[in-house]
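Here's the letter readout for the chains.
4 protein chains.
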Amino acid sequence: MEEIGFIGLGKMGVPIAHNLLKAGYALRVYNRSPEKARELVALGARQVYTPGETATPGGVVLSIVADDAALNGVVTAQDAQLARKLAPAGVHVSLSTVAPQTSANISRIHQQHGSTLVAAPVFGRPPAAAAAELVVCMAGPAAARQRVQSILRALGPHIFEYGDDPQVANVVKLTGNFLITAAIEALGEGLALAAKHGIDPVELARMFTQTMFACSVYRNYATIIAERQYTPPGFALVLGLKDLNLILQTGAAARAPLPLASLLRDRYLAALAKGRDDLDWSAIALNAAEDAGLK
Amino acid sequence: MEEIGFIGLGKMGVPIAHNLLKAGYALRVYNRSPEKARELVALGARQVYTPGETATPGGVVLSIVADDAALNGVVTAQDAQLARKLAPAGVHVSLSTVAPQTSANISRIHQQHGSTLVAAPVFGRPPAAAAAELVVCMAGPAAARQRVQSILRALGPHIFEYGDDPQVANVVKLTGNFLITAAIEALGEGLALAAKHGIDPVELARMFTQTMFACSVYRNYATIIAERQYTPPGFALVLGLKDLNLILQTGAAARAPLPLASLLRDRYLAALAKGRDDLDWSAIALNAAEDAGLK
Amino acid sequence: MEEIGFIGLGKMGVPIAHNLLKAGYALRVYNRSPEKARELVALGARQVYTPGETATPGGVVLSIVADDAALNGVVTAQDAQLARKLAPAGVHVSLSTVAPQTSANISRIHQQHGSTLVAAPVFGRPPAAAAAELVVCMAGPAAARQRVQSILRALGPHIFEYGDDPQVANVVKLTGNFLITAAIEALGEGLALAAKHGIDPVELARMFTQTMFACSVYRNYATIIAERQYTPPGFALVLGLKDLNLILQTGAAARAPLPLASLLRDRYLAALAKGRDDLDWSAIALNAAEDAGLK
Amino acid sequence: MEEIGFIGLGKMGVPIAHNLLKAGYALRVYNRSPEKARELVALGARQVYTPGETATPGGVVLSIVADDAALNGVVTAQDAQLARKLAPAGVHVSLSTVAPQTSANISRIHQQHGSTLVAAPVFGRPPAAAAAELVVCMAGPAAARQRVQSILRALGPHIFEYGDDPQVANVVKLTGNFLITAAIEALGEGLALAAKHGIDPVELARMFTQTMFACSVYRNYATIIAERQYTPPGFALVLGLKDLNLILQTGAAARAPLPLASLLRDRYLAALAKGRDDLDWSAIALNAAEDAGLK
Numbered sequence: 001m002e003e004i005g006f007i008g009l010g011k012m013g014v015p016i017a018h019n020l021l022k023a024g025y026a027l028r029v030y031n032r033s034p035e036k037a038r039e040l041v042a043l044g045a046r047q048v049y050t051p052g053e054t055a056t057p058g059g060v061v062l063s064i065v066a067d068d069a070a071l072n073g074v075v076t077a078q079d080a081q082l083a084r085k086l087a088p089a090g091v092h093v094s095l096s097t098v099a100p101q102t103s104a105n106i107s108r109i110h111q112q113h114g115s116t117l118v119a120a121p122v123f124g125r126p127p128a129a130a131a132a133e134l135v136v137c138m139a140g141p142a143a144a145r146q147r148v149q150s151i152l153r154a155l156g157p158h159i160f161e162y163g164d165d166p167q168v169a170n171v172v173k174l175t176g177n178f179l180i181t182a183a184i185e186a187l188g189e190g191l192a193l194a195a196k197h198g199i200d201p202v203e204l205a206r207m208f209t210q211t212m213f214a215c216s217v218y219r220n221y222a223t224i225i226a227e228r229q230y231t232p233p234g235f236a237l238v239l240g241l242k243d244l245n246l247i248l249q250t251g252a253a254a255r256a257p258l259p260l261a262s263l264l265r266d267r268y269l270a271a272l273a274k275g276r277d278d279l280d281w282s283a284i285a286l287n288a289a290e291d292a293g294l295k
Numbered sequence: 001m002e003e004i005g006f007i008g009l010g011k012m013g014v015p016i017a018h019n020l021l022k023a024g025y026a027l028r029v030y031n032r033s034p035e036k037a038r039e040l041v042a043l044g045a046r047q048v049y050t051p052g053e054t055a056t057p058g059g060v061v062l063s064i065v066a067d068d069a070a071l072n073g074v075v076t077a078q079d080a081q082l083a084r085k086l087a088p089a090g091v092h093v094s095l096s097t098v099a100p101q102t103s104a105n106i107s108r109i110h111q112q113h114g115s116t117l118v119a120a121p122v123f124g125r126p127p128a129a130a131a132a133e134l135v136v137c138m139a140g141p142a143a144a145r146q147r148v149q150s151i152l153r154a155l156g157p158h159i160f161e162y163g164d165d166p167q168v169a170n171v172v173k174l175t176g177n178f179l180i181t182a183a184i185e186a187l188g189e190g191l192a193l194a195a196k197h198g199i200d201p202v203e204l205a206r207m208f209t210q211t212m213f214a215c216s217v218y219r220n221y222a223t224i225i226a227e228r229q230y231t232p233p234g235f236a237l238v239l240g241l242k243d244l245n246l247i248l249q250t251g252a253a254a255r256a257p258l259p260l261a262s263l264l265r266d267r268y269l270a271a272l273a274k275g276r277d278d279l280d281w282s283a284i285a286l287n288a289a290e291d292a293g294l295k
Numbered sequence: 001m002e003e004i005g006f007i008g009l010g011k012m013g014v015p016i017a018h019n020l021l022k023a024g025y026a027l028r029v030y031n032r033s034p035e036k037a038r039e040l041v042a043l044g045a046r047q048v049y050t051p052g053e054t055a056t057p058g059g060v061v062l063s064i065v066a067d068d069a070a071l072n073g074v075v076t077a078q079d080a081q082l083a084r085k086l087a088p089a090g091v092h093v094s095l096s097t098v099a100p101q102t103s104a105n106i107s108r109i110h111q112q113h114g115s116t117l118v119a120a121p122v123f124g125r126p127p128a129a130a131a132a133e134l135v136v137c138m139a140g141p142a143a144a145r146q147r148v149q150s151i152l153r154a155l156g157p158h159i160f161e162y163g164d165d166p167q168v169a170n171v172v173k174l175t176g177n178f179l180i181t182a183a184i185e186a187l188g189e190g191l192a193l194a195a196k197h198g199i200d201p202v203e204l205a206r207m208f209t210q211t212m213f214a215c216s217v218y219r220n221y222a223t224i225i226a227e228r229q230y231t232p233p234g235f236a237l238v239l240g241l242k243d244l245n246l247i248l249q250t251g252a253a254a255r256a257p258l259p260l261a262s263l264l265r266d267r268y269l270a271a272l273a274k275g276r277d278d279l280d281w282s283a284i285a286l287n288a289a290e291d292a293g294l295k
Numbered sequence: 001m002e003e004i005g006f007i008g009l010g011k012m013g014v015p016i017a018h019n020l021l022k023a024g025y026a027l028r029v030y031n032r033s034p035e036k037a038r039e040l041v042a043l044g045a046r047q048v049y050t051p052g053e054t055a056t057p058g059g060v061v062l063s064i065v066a067d068d069a070a071l072n073g074v075v076t077a078q079d080a081q082l083a084r085k086l087a088p089a090g091v092h093v094s095l096s097t098v099a100p101q102t103s104a105n106i107s108r109i110h111q112q113h114g115s116t117l118v119a120a121p122v123f124g125r126p127p128a129a130a131a132a133e134l135v136v137c138m139a140g141p142a143a144a145r146q147r148v149q150s151i152l153r154a155l156g157p158h159i160f161e162y163g164d165d166p167q168v169a170n171v172v173k174l175t176g177n178f179l180i181t182a183a184i185e186a187l188g189e190g191l192a193l194a195a196k197h198g199i200d201p202v203e204l205a206r207m208f209t210q211t212m213f214a215c216s217v218y219r220n221y222a223t224i225i226a227e228r229q230y231t232p233p234g235f236a237l238v239l240g241l242k243d244l245n246l247i248l249q250t251g252a253a254a255r256a257p258l259p260l261a262s263l264l265r266d267r268y269l270a271a272l273a274k275g276r277d278d279l280d281w282s283a284i285a286l287n288a289a290e291d292a293g294l295k
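Residue numbers (my numbering), protein chains in the order written: chain A, 1 to 295; chain B, 1 to 295; chain C, 1 to 295; chain D, 1 to 295.
Derived from the structure by calculation, the hints contain no laboratory data.
It is possible that some hints are incorrect.
Remember, identical chains collapse to one label, so a pair may be satisfied in a single copy or spanning two.
Said to hold, decoys possible - Each computed DSSO-like pair below joins lysine-lysine, with the alpha-carbon atoms no more than 27 Å apart:
1. K36 with K22
2. K242 with K196
3. K196 with K36
4. K274 with K295
5. K242 with K22
6. K196 with K274
7. K274 with K36
Based on the sequences and whatever the hints tell you, model everything.
Shown next as structure tokens:
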């Protein structure tokens, strides 16, 4: 089967790369800190040392990196080798959560060099990545989307497509992350209210997630918040602030005020001011508990 | 089978009474506007004309009314006949969404007259009531809870118990309503953000409710909001404000600030200032859309 | 000169009563805790032991009490003796900060008994009361207003009139208190922001209050907040919550959402949850400082 | 007397330049759109056509431009000619409201080329600029501050100094603008509340600004808001959003959550979504009025 490139071996990248190997793809892997590639090399991946080397003409490269700056770095490294080496007709599938504007800029660079960007951000935490249960939201030129669809099936059973403009997929992803953090805040306030009235948050969380809120987001976060299991983080709190900033910028670009997102951003700042950088991003729920005088 | 009393024949009361008849209970029904009893009388219910007449010594009366004032009226009508006529050992099961403090007051009146209050507020909209799929959250003295459990099974498959103090069940119910309205606001802002970027809200709602948010609250409200189907209301917007006020009072009583609940209350006020009293309570989502300049 | 009644000898009442004595009025004083009258009795006031005894037919009684319940108590005590004994044509001048609805109710009681309510809430803290520098906002039937104007001149140089309906004066007072607490929150956030960047809040407060904000509210509170001098309280924090609740109720009655007032109410709850009942109401500024990780 | 450079002939720049001429300084003026210089040239100013030409070795250049991008443009134009031509020992006095980080960056460029940046943002609207009543907040190396002090006295009687680090002056300025916009929002909500209860906002504004709020910010904005005189703008609404973004970024950089600033930012976005770009920045007060159903 085809050999594809893979950039970014963090908490999400490693299990995704695993699943690609398991699905039969050969991999050329790159990570800024090269030692993170060891485990995948042991499983047969070939390690390369620049982003550009992950690419072949007409091939496919997947990337999943921490933020907009990292993604810009990958694409513009060594004068856009990645975009150039994919040409003609190769596809860069960007799985990262970044600003729509970043996708638009990177898409233009690819076009200029004869390759294509597909934005395909994913929903799901590391255990979902490992279980091949990620939800993929994909947008980009139709031919490129078709080219990469079978590959993305290795990530999870759900692939949703949003047309030819890559940045639309990023808006979808940010909207989803907004809904998730809103649910976290609601659970934080709600469980604090109940706790102040002597109700066991663990039991209450169980009731809600067995009935009206019997879905993965609430199951994950109601449990974490009720049990205060904020470490190790599935997604670090400091990245939550990054996402809220992206959401608010995306709102501002469209002149859409999002007061709940503003409240969430302030919650992230307060949590960081208290030194909670390394807790799970759901630890913003501690703000409501503390403001209510709990503990 | 046993004959029980039933007070309150509104949008929720009628289908619940139906299900009790279907389950084999004989009913004495009371409603402030007596003509609403006609349909149930046709099915075999016996109509009475005061709350007190629904009661028999040692019997059970269920009530579901619009708000705290209505519930107070039912219990104190004709000098607390309801509480007195249930004695000895009868049980009043209050299904309404009211303040915990109201339950505490009414519970005391029942105790003074030799009967017992069980608070058993329910989650679910009229179609769920008709389908016998309500979620019941019950609290009150253990013997009374045991006395009424088989009756409540006619309302839905889920009965959760929260100990001997009736008002705890009301806190649980208000916490749940808070989570639901928070989800409504999040969907309102999120779908407005996406719509401003050209994304079809109906499709987006479908994606979210097939994946991370595959639960009844999101399925109900994402659809309503995406399609702007706010009429006829399943639960009137003006009652949403009532609930938010109860939530905030319950927070204040425990000194628990709930900034998201405050935001929601302001959304209800803005919707009412625009004359939306009779739309569904999820029509607060129009605020986010309008503030973003949509339509 | 005329003998007038005076009810309520708290932090504001005592200096106001002093100034009335100084202006030449004889006083019949009443306070729930009678020992607080001692100082005024020493200066010539006559002490009475029920609210009703402060009144004479056609006379004037001023009251300044802690909240709506206390004011209701004063007027309805001993079956409305106060209202009855003022008749015919006597005037009750209510200086307290209460809900407009409370004024409306009390006004009706007075009317029924042949006397009149003038609402005349005052702006200013205890030192301003002592210095006869209060600002009086008065509303009520024109004849009654004219009857009491010379008396009120003993409280301060500024008397503003708002027509015949007493509750309008209460709306004005609550609007003013809202503006003051909004300024407190703004100063709390602004000085926290500056402090986190190494700027001395005392110096910064001095600059602002010498230039754009050279007015009494900012001078008072910028200093208190910059120096964290929250005790002894000029106005207790727990009364701040009372006022915010009144403001929000008054907004809700008119369907006017007030998101800044909602934010302020949450600040009061968080401060009370941390046990700050007895600090000055400007101590809500500690919330912003703590959320920013200061101290 | 000395000849100094002046960059930026907008609504604030023109009256400031006038006052410098009036104070006896010769001016070399630059503006991106050169026709704006005509009026000043008629009064004796010498027009130049690049930012660099405003500078002489050891001289002083004042700049006041619209935003961070414009200021960066001025300093980096033609490869930093401005910074280079001021060397040795010349001073660039930046009057603009920009991010502290922008001042830090520009200060470094000046240092590298042998000149110095003093940040000296000003408070006051165009009429205050014309009346030489601006408030100047200055920070930068001590020698440079001393060098320019007599020049800045032409802008207004109040000069406050904040030490050697230029960006501190920008924090002070942003804190002040935050306080002003907070006052605008408070007035917007308060006057809407009063209007809904039938109180004339113009009269109410007069009362407040004659008593507790007798200071320039409240006098300016209470009048504008009460009379809805949002055009012509003294400071355009779209610049208000720019400032709120700077305030929130400055807060985030120090991990200081500013929930009131977040609320204000959402108000600006909602006003812009409704197409109010060209109204005065105080027109965010229309949000509260509309949410309350006024007009």
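How the hints compare with the structure:
1. Only within a single protomer do K36 and K22 lie at most 27 Å apart by alpha-carbon distance; the minimum there is 18 Å, versus 64 Å between protomers.
2. Taking the shortest alpha-carbon separations for K242 and K196, only the inter-copy value of 21 Å comes in at or below 27 Å, while the best intra-copy value is 31 Å.
3. In this assembly of identical chains, K196 and K36 lie within 27 Å of each other by CA distance neither inside one copy nor across copies; the values are 45 Å within and 38 Å between.
4. In the homo-oligomer, the alpha carbons of K274 and K295 lie at most 27 Å apart both inside one protomer (15 Å) and across protomers (11 Å), since each shortest distance falls under that limit.
5. For a Cα distance limit of 27 Å, the shortest separation of K242 from K22 qualifies neither inside one copy, at 32 Å, nor across copies, at 50 Å.
6. Taking the closest pair of Cα atoms, K196 and K274 come within 27 Å of each other both inside a single copy (22 Å) and across two copies (13 Å).
7. For the identical chains of this complex, K274 and K36 are neighbours neither inside a copy (31 Å) nor across copies (46 Å), given an alpha-carbon limit of 27 Å.
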